[in-house]
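K.L.:
Taking the numbering used here, the leading residue of the sequence shown gets 122, the next gets one more, and so forth.
These are calculated hints, taken from the structure and not from any lab test. Among these hints, one or two may not hold up.
Distance condition first, Cα-Cα at most 27 Å in a straight line; then the derived DSS-like pairs of lysine-lysine [claimed, not checked]:
| id | residue 1 | residue 2 |
| --- | --- | --- |
| 1 | K183 | K167 |
| 2 | K131 | K167 |
| 3 | K179 | K167 |
Predicted model, so just to flag it, every value in this text is computed and none were measured.
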Amino acid sequence: MNLARRTWLKIACLALSGAWLGTFPLTGTAHAQSEPVTIFAAASLKNALDAVAADWQKETGKTTRISYAASSG
């Protein structure tokens with residue numbers, strides 16, 4: 122994968138993650154406070170999502186659990 126495509130992929134991933142995380146205030150907080158967020162993603166997103174998860178944990182103090190799997194292509 123070339124550098125330009127990786128950069129675009131990271132930007133897209135960050136934008137989608139931001140949009141997804143932005144929906145949390147709309148979902149309520151009954152029992153989600155103690156549970157880590159679980160994300161299912163294609164293996165090709167590993168580098169970008171690991172970076173996003175680390176930044177999110179630094180900012181919020183909450184952890185994520187990311188499950189990577191191969192995507193059909």
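K.L.:
With the threshold set at 27 Å, check whether the alpha-carbon distance from K183 to K167 stays at or below it.
P.N.:
Since the Cα atoms of K183 and K167 sit roughly 19 Å apart, the hinted pair holds (cutoff 27 Å).
K.L.:
Assess, step by step, whether the Cα of K131 is no farther than 27 Å from the Cα of K167, and give holds or violated.
P.N.:
Within the cut-off at roughly 10 Å; holds.
K.L.:
Sort out whether K167 lies within 27 Å of K179, counting only the CA atoms.
P.N.:
holds, 18 Å
The structure meets every hint from the earlier list without exception.
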